[in-house]
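Listed below, chain by chain, are the residues.
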Amino acid sequence: MRSERSSEIFGSTRSHPAEHRDVSTTFTAMASPCLVLVDTADPLLGAAVGSIVKAEALRIEAKFSRYRPSVVTTLNENAGEELEVDAETADLVDYSVLCYHLSQGRFDITSGALRRVWKFDGSGAVPTQDQVRQILKCVGWHRVTWNRPFLRLGVGMEIDFGGIGKEYAVDRALALASEFTDEPLLVNLGGDLRVSGPRRDGSHWHVAIENVDCPGAAAGMLQLSRGALATSGDTYRYLIKDAKRYGHVLDPVTGWPIADAPRSVTVHADTCSEAGQLAKLALLRGAGAEEFLKAEQVRAWCAR
Amino acid sequence: MQSICRHSSVNLRAKWSLLILLIAGAGTGCTSLGAKPWDHDLLAERAMQVDAYPLQSGMDDHIYFSKEASSGGRSFAGGGCGCN
Amino acid sequence: MQLKASGATGAPTLRQALKVAAAGLLANGAAKAQEAPAKPPATSVDSGVLYYHENGRVQAVEPELNVAQKINEDSTLSLGFVFDSLTGPTPYGAVPSTLPQTYIRPYKIVPVGTLVPLTTSSGGSTVVLLPPASGSKTETLAATSIVPANTYPLDPSFHDTRVAGHVGWDQALTSTLKLDGGVAYSHEYDYRSASASLGLSKDFNAHNTTLSAAVNYESDLSFPVGGTPTPLTAMSGDFKGPDATRHEVDAVLGITQVMSRRWLSTLSYSYADSHGYQNNPYKIISVVDPVSGQPTAQLYESRPESRRKQSVFFENKIHLPSDVIAISLRGYKDDWGIKSVTADLRYRYQITQEYYLEPHFRYYEQGAADFFHYYLVAGEALPQYASADTRLAKFNAQTYGLKFGMPLNKGSELNLRVEYYDQRGNGSPSYAIGQLKQQNLFPDLKAFTVLLGYSYAF
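Chains as they are written, first to last, in the working numbering: chain A, 30 to 333; chain B, -8 to 75; chain C, 26 to 483.
No lab work stands behind these hints, which were simulated from the structure alone.
It is possible that some hints are incorrect.
What the hints assert, rightly or not - Below, simulated DSSO-like cross-link-like pairs (lysine-lysine); rule was C-alpha separation at most 30 Å, straight line:
no.	chain 1	residue 1	chain 2	residue 2
1	A	K323	C	K44
2	C	K364	C	K462
3	A	K166	B	K27
4	B	K58	C	K203
5	C	K162	C	K265
6	C	K95	B	K27
7	B	K58	C	K358
Assemble the whole structure, with the sequences as input and the hints as a guide.
In structure tokens:
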């Protein structure tokens, strides 16, 4: 599964020198580098927690994959027919519907079809008005019939949980890991991360925020002792045509990229799902992103 | 006969070099070649599989094996039937 | 883009609504990780019937069925079954003559005194009873056939029924490493073959590169009708030698590389080493008079006891906006002196999103085996190995095919493929002697196949 938006801000934790090292597990999931840190002296426990997180991340990736046979590919291949989905998928759909209403239609899990005309592959190709008009016929939650647990997509439509899947995976993985152990831990899936609480000695986890203009260089350091961080942005996927920059966050109502969106928004909230959704909603507001975050009293950082 | 033997050993060496080069390339990570995981959509279609219609290609291999002297290539060179 | 006011008035803000929503999503703990009813297909069935017809000679009908069943996330069991029935006359290997010729093959041993009708013809042959050796309690029945003048000698008694099955297992060891193995068995009335294979494949570079290696071991037993003849002895009605065995080991190394979103490339190398009985027990080679070119004797053929084969195969598949092209090349060489080149081109044209039409062209060219001879000349020393089987001769062949495909409901496809195969060799070699100058020593082979296929996944 691949997130609709790339996460260009990697949280990396760095312990201070001469302190004990956390037990870390790294792996790749959802086309992103992933990291689990457990603040413990027991390497076996650390490794066990790492594999629990990895298993859950891969399970969710496989279950909602757009390429390998999965719930999502089955739904997309049978667009037009009514299919019954399981409880977990139904919960994600319910959550997406809520976000759809809260964003006044701008957060829409059926917007993936826009990818068919918007190819951010570095070729600079921008679709014509006509192409966009045609593809909009296959986009829009209002064309979907949802009577839990029965879902029917319109013919030609496709569904994609990429916009909420990674944050959901962080929350789920952390919940499973916390059921397993009380030791403080940090789960970071490609830049979306959450901690179980402060470290054993009461101190904070240190998270480096990557510089948006120089990937790999740090722009600052955050101290995190609770909650989650999630980022939305377009640093890696964009088009430049006629000196105009088109970010890759597309507005499902107009079919065109959101104008004047910030290049990235990082939000801190209690859960990764909430943080990710707030970041996305801010981005979808375009020029009004900062105003929205301020009004909702969200602890966030925007980069333009 | 002599010249044929010499020629064929050059061909064999060329084939070996090509194979080793390709494997070495893969080993060192041809990261310039390939497609991102989200771009494997077309490659997942049936027509793009390495052996898209195995029943059909199995039957073809069997027919050609009984009419021609060559075998192998995509898969095993053996026949499994008496039409040798 | 209205912004909601903060909670001062007590009305829920967007953020509070979102918090509640997220809490709801994450509420049900472990109960969530259940298998979805919308499952990917676990069983796939692939079936087909082939009809083969070769220039008014051989005819075959071959149904085949393969089933693959996913046992769990990582492993698949597959079963296959094929039934082959081949009838029709096939070349002896002998040269045609301006005079009629008689051929004989033993086929049954009966106790002395058995009443046998002497004029039955089984597919054009006449049964003869050979006088027993003195003191023997048994005598031999043989089939003789007469080939008219100026006709390419074909053995009319050819009929073959084959039944074969295989069982395979695929196991994913990690997300990038896969193991596969299988066993196969094939049985005809005069031949049986058993084989086992094992393979390993590993993905690199985010599944863009796959390296694979596999080995196969095959053990064959020939028990031809009338026994196995001693090579280069004269054709006779006597019962011949005992069953003969052959063993072969093959290995294949391959690399598949995703070149781009639309282009997949495969390169593989295979090597096979075979030891044992390589002869075709029914084929003969004529010995001709050095002046007239008339056959004076028919000898059973002789091939070396071992054979080493190598081939390199290169294929590219390119996905155009809706169509797909597949091009492949294969080079082959073995230690019998045979070299060949195969080029294959397929263009899958999508008529609509579902229906497709796929024209196909294959070109094949091979050189002769070192011991291939159209005939041997009387008076010259007999070589150690000699065969007149045109399968080992120099020739080229073209295949022209057209396939029509019709995906039915989800996961199933019906297809019909028609192909025409045309094999041509040199029927008039410049060195032909006497009457052989006017004979066609390599009759063209033209074959027509129809394959109806149906596959379904559920």
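Each hint tested on the structure:
{"no.": "1", "hint": "K323/A <-> K44/C", "result": "holds, 17 Å"}
{"no.": "2", "hint": "K364/C <-> K462/C", "result": "holds, 27 Å"}
{"no.": "3", "hint": "K166/A <-> K27/B", "result": "holds, 28 Å"}
{"no.": "4", "hint": "K58/B <-> K203/C", "result": "violated, 34 Å"}
{"no.": "5", "hint": "K162/C <-> K265/C", "result": "holds, 17 Å"}
{"no.": "6", "hint": "K95/C <-> K27/B", "result": "holds, 27 Å"}
{"no.": "7", "hint": "K58/B <-> K358/C", "result": "holds, 16 Å"}
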